[in-house]
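Could you put the whole structure together from the sequences, leaning on the hints where they help?
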Amino acid sequence: MGKYLITLSSEGSILRAWNLPDGQMWWESFLQGPSDSKSFLFVPTSSKADEDNTILVFGKGSLHAVSSIHGDIVWKVDFPDESFEVQEVIQHHDSNIIYVVGFVGSSQFDVYQINAKNGELLKHDSAAFDGGFSGEVSLVSKAKLVVLDAARSTLLTISFQKGEISFQKTYISDLVKGFSGMAMILPSKLTGLFAVKTITATTFISMSSEGQLEVVDKINHATVISDALSFSEDRQAFALVQHGDSDIHLNVKQNHDWSSDLLKERIKLNQQRGFVHRVFMNNYVRTDKSHGFRALIVMEDHSLLLLQQGEIVWSREDGLASVIGVTTSELPVEKEGVSVAKVEQNLFEHMLKVKGALMLASAEDLAAIKGMGLRSSEKSKMTRDHNGFRKLLIVLTKSGKLFALHTGDGRIVWSLLLNSLRQSEACENPTGINVYPWQVPHHHAMDENPSVLVVGRCKPSSDALGIFSFVDTYTGKELKSFGLDHSIAQVIQLPFTDSTEQHLHLLIDTSGQAHLYPRTPEAVAIFQLEFSNIYWYSVEADNGVIKGHGLKSNCDGEVANNYCFGSREVWSIVFPLETEKIITAITRKSNEVVHTQAKVVADQDVMYKYISKNLLFVATVSPKASGDIGSATPEESHLVVYVVDTVTGRILHRMNHHGSQGPVHAVFSENWIVYHHFSLRAHRYEMTVIEIYDQSRADNKDVWKIVLGKHNLTSPMSSYSRPGVTTKSQSYYFTQSVKAISVTSTAKGITSKHLLIGTIGDQVLAMDKRFFDPRRSLNPTQSEKEEGILPLTDSLPIIPQSYVTHALKVEGLRGIVTVPAKLESATLVFTHGVDLFFTRLAPSRTYDSLTEDFSYALLLITIVALLVAIFVTWVLSEKKDLSDKWR
Amino acid sequence: MDKGKAVMGSGRRWAVDFTDNSTLPSSRDIPDPPGFSRASQEQDDSAVAKQKKDAEANWKAQKAWEVAQAPFKNLLMMGFMMWMAGNTVHLFSIGITFSALWQPIGALQGVGKVFEPYKDSKVDLLVPKLVFIALNLGGLALGIWKLNTLGLLPTHASDWVSSLPPAKEVEYSRGGFPLL
Chain U
1 MGKYLITLSS EGSILRAWNL PDGQMWWESF LQGPSDSKSF LFVPTSSKAD EDNTILVFGK
61 GSLHAVSSIH GDIVWKVDFP DESFEVQEVI QHHDSNIIYV VGFVGSSQFD VYQINAKNGE
121 LLKHDSAAFD GGFSGEVSLV SKAKLVVLDA ARSTLLTISF QKGEISFQKT YISDLVKGFS
181 GMAMILPSKL TGLFAVKTIT ATTFISMSSE GQLEVVDKIN HATVISDALS FSEDRQAFAL
241 VQHGDSDIHL NVKQNHDWSS DLLKERIKLN QQRGFVHRVF MNNYVRTDKS HGFRALIVME
301 DHSLLLLQQG EIVWSREDGL ASVIGVTTSE LPVEKEGVSV AKVEQNLFEH MLKVKGALML
361 ASAEDLAAIK GMGLRSSEKS KMTRDHNGFR KLLIVLTKSG KLFALHTGDG RIVWSLLLNS
421 LRQSEACENP TGINVYPWQV PHHHAMDENP SVLVVGRCKP SSDALGIFSF VDTYTGKELK
481 SFGLDHSIAQ VIQLPFTDST EQHLHLLIDT SGQAHLYPRT PEAVAIFQLE FSNIYWYSVE
541 ADNGVIKGHG LKSNCDGEVA NNYCFGSREV WSIVFPLETE KIITAITRKS NEVVHTQAKV
601 VADQDVMYKY ISKNLLFVAT VSPKASGDIG SATPEESHLV VYVVDTVTGR ILHRMNHHGS
661 QGPVHAVFSE NWIVYHHFSL RAHRYEMTVI EIYDQSRADN KDVWKIVLGK HNLTSPMSSY
721 SRPGVTTKSQ SYYFTQSVKA ISVTSTAKGI TSKHLLIGTI GDQVLAMDKR FFDPRRSLNP
781 TQSEKEEGIL PLTDSLPIIP QSYVTHALKV EGLRGIVTVP AKLESATLVF THGVDLFFTR
841 LAPSRTYDSL TEDFSYALLL ITIVALLVAI FVTWVLSEKK DLSDKWR
Chain C
1 MDKGKAVMGS GRRWAVDFTD NSTLPSSRDI PDPPGFSRAS QEQDDSAVAK QKKDAEANWK
61 AQKAWEVAQA PFKNLLMMGF MMWMAGNTVH LFSIGITFSA LWQPIGALQG VGKVFEPYKD
121 SKVDLLVPKL VFIALNLGGL ALGIWKLNTL GLLPTHASDW VSSLPPAKEV EYSRGGFPLL
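Note that the protein sequences, when read in sequence, are chains U and C.
Each residue of the first sequence is one higher than the one before, counting from 1 in UniProt numbering.
Each residue of the second sequence is one higher than the one before, counting from 1 in UniProt numbering.
Hints listed in this document are in silico derivations from the structure and should not be mistaken for laboratory results.
No experiment lies behind these values; they were computed from the predicted model shown.
C-beta atoms are modelled at their ideal positions from N, C-alpha and C, and glycine is treated no differently.
The reader is advised that the hints may include incorrect statements.
Here are some chain U residues pointing at chain C (derived, C-beta under 10 Å) [said to hold, decoys possible]: (1) Ser462; (2) Pro495; (3) Thr648; (4) Ile651; (5) Arg654.
Listed below in structure tokens is the structure:
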């Protein structure tokens, strides 16, 4: 609107005006109303910037008129009927009457006439229609609406302006031949024209001023139309995009003239991007004063394309803003066979580099070295490197597109819109769930490609049937895909692989049956060996129950095959719903590597960590405190945390934080848990650490017994042996609120750990685990200081240098994923939100490799100089010996 | 140690020269002059030689004892240097400790060689050798003790268990919230 942009947010309760040139907020007004309802913003089209216009806002159940200059509410109308739902607000250029039309319930149509100056309710008409309405409204002219009836087979034309409401029925089958099933009105705002979509085709229907309907065109391809755009005095145009075989056709038509096109373009799409979902138009004046049009189209994979003059001017993969699953894949191994020319080239390059390093290179050589670096930048190569820094990040987005991103420079190596996650006959509205590594070849790394498994389901509800799709991570091709005959409630990656190095996966359906994949006899044989030791558990937050299950040898249901297993309930923990509500449950990452079970404390003493993957951290809050911070008093809110053994259901640790509440963000690694919560008493966020130690191994302290191997430290551990544990815990204040917590992970688990905290400011903060050590005390002894224990402080320091995102922001941060590199000291961190961020961290510095700026030249020179010195002194001493003998 | 050896070597060569060159060949080739009684001369000679040999044996024994006690001085010096080096692990203290360990070991390996010059049927080398070995063992013990005070000896349970991997778990359990 002129130079202001008006936004309506927070479910129609906050209206803001922004200055377009500099993005400053101009004014803001809060709208209040009796009830929550659909919100609706109507800005008069004819408004000029300097005039005082009223903006009409429907929100919170009432209509507000807001001044566009200073945002004051001029008047407010509450509609008598509470369930009145506004569909359109119509105001004519010159009249002072505003028409508000909408439905009450599903079968009553209401029109209100309101004085635009003072908000006086002038007239109220209402009429009922037996067939009911089905929601979508297309305003065809100023006094006519087109609606579908509830059965979606009849078009209703409603005219309302002359004071009375009249309905006119038209059967779609009369207009469109061979119509059956359901129809849909495509959302559009064109005068005198609307589009009806049926299963087979899209039909454009025009309406004359008398209300006569007439079919203008029928297009069999998938079609999308834009809103009308007025580009000169009383001329309006709209864009229509339809799909050809491998390209899309963009037609720009004038509103009243269907037969001619203002613009007709055909654009080749070289990439698989799916169907066009939306199209937006914009016009410009060419140098010859004629009108040109450009169109912004939104594709099925959520990418944006700007089309102008038959070309894609730019494109953006905006699907990457909604990442739902991340996994990594190694890059191909560098092939050995190298040609002679390549070797020569390499030698030449090496010579140049050595020259550069020794500072002997001329200016030309330096330029050549720089160019070389840019051309074959080491970090963006498509092969595996020695340190394991180069990997592919396989990312699944909400639109069902899979991307492979190179960790070196973040480029998209390949992308694939998964056919199995697109709308089809079998699956109406498929969604992706997650992506898992499926086959990771180590033995045949040279000639076999790794693959990932994409798991999805047909509908967004939990009982929908599952979908599997396997994708080769080197080529980005879908290997195979199939629909499953059961639903998916859990995907459990088992720690076994078969002879082709495919990972075994156990899928739990909603009825609690387990299905084993891959479906091969070999996989079943491997699975049977460990059958009795495999358990699974489910957390039901609504019922406040955690249940543990074992497996039975065969399925109960009708689908009895070798790959299906039933479950039996082993244990359950029931939380009383009146006092406790489960808000968080996390466990350790299944692929985390731990180097040692012992923790050496001051004076060479040993504590044994209780390292088990079968532990679950659960946090519950009192139901009153489950809302926002401030909704409950400290007396009525409490936070209880549990550590549960998921094999036996035994509770190893329970702690109650009085006067604390969620949300709880937690991370579980090795034998410790760190979680973040809000303390209502202290009015501050707190972070608490729990460390779990094994008491049953604590007496392994005799050196000789350990040297001779007479200890129980390496004997397999079973949860049924009820190992005694002790826990230590400590809390600290933390000034920031948190969006996600993660922890660094390294290849062998030797390197010390850093916590990665996604802060509310969309940054990632790395904090040393030593800050979260329950053995911290106010005055550590000398030996404790030597061990590295920090003196206890009540709050955790935030060191600005330890933001791993530096000055950058990862907008809308949602998750932090850490992947170990091959080099033990390094860990790779991938952060996703609307933005994506990737970095490499070395929590204990790079102790196992030389830094990049290490002077190899100096080392080389030193070695050579030493060799020369040795040789010279040897010759001299020989000479001296000889002359001595002659004397 | 080296000095004593050199002195002893030259002394012995001189004694051999004396007996070989002057007495034996003359008695063979040239007849005794008249009035010369060989018997008394020989008797006298043997007495002198015996005396000489006794003196040599005494001297050898004395030298052997000296050699045997030499490590003691070394020990004292090492102790002083170790005390100077302090108890923290750095280049200097490690260097001293390892030299303190290496010297006795080298000396013990060369026990036979060190006492070879004093080998004599009349001299009992066993006791000096034992003393020498004991003193060197003392030096070795001192070195090891120093190593321990530096914390470089695996004498604690913690030194042995940190390399042990975590115990394997029998059961495997996974799960969580139902996927949405």
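Are Thr648/U and chain C close enough, Cβ to Cβ, to be under 10 Å, as the hint says? holds, 9 Å
Quick check on Ile651/U please, does its C-beta sit within 10 Å of some C-beta on chain C? Violated, about 15 Å.
Verify the interface restraint on Pro495/U: the C-beta must sit less than 10 Å from at least one C-beta of chain C. holds, 6 Å
Under the criterion of a CB-CB separation shorter than 10 Å, is Ser462/U in contact with chain C as hinted? holds, 6 Å
Does Arg654/U pass the interface hint, meaning its C-beta sits closer than 10 Å to a C-beta of chain C? Hint violated; Arg654/U Cβ to chain C Cβ min 20 Å, cut 10 Å.
Checked against the numbered hints given earlier, this structure breaks hints 4, 5; the rest are met.
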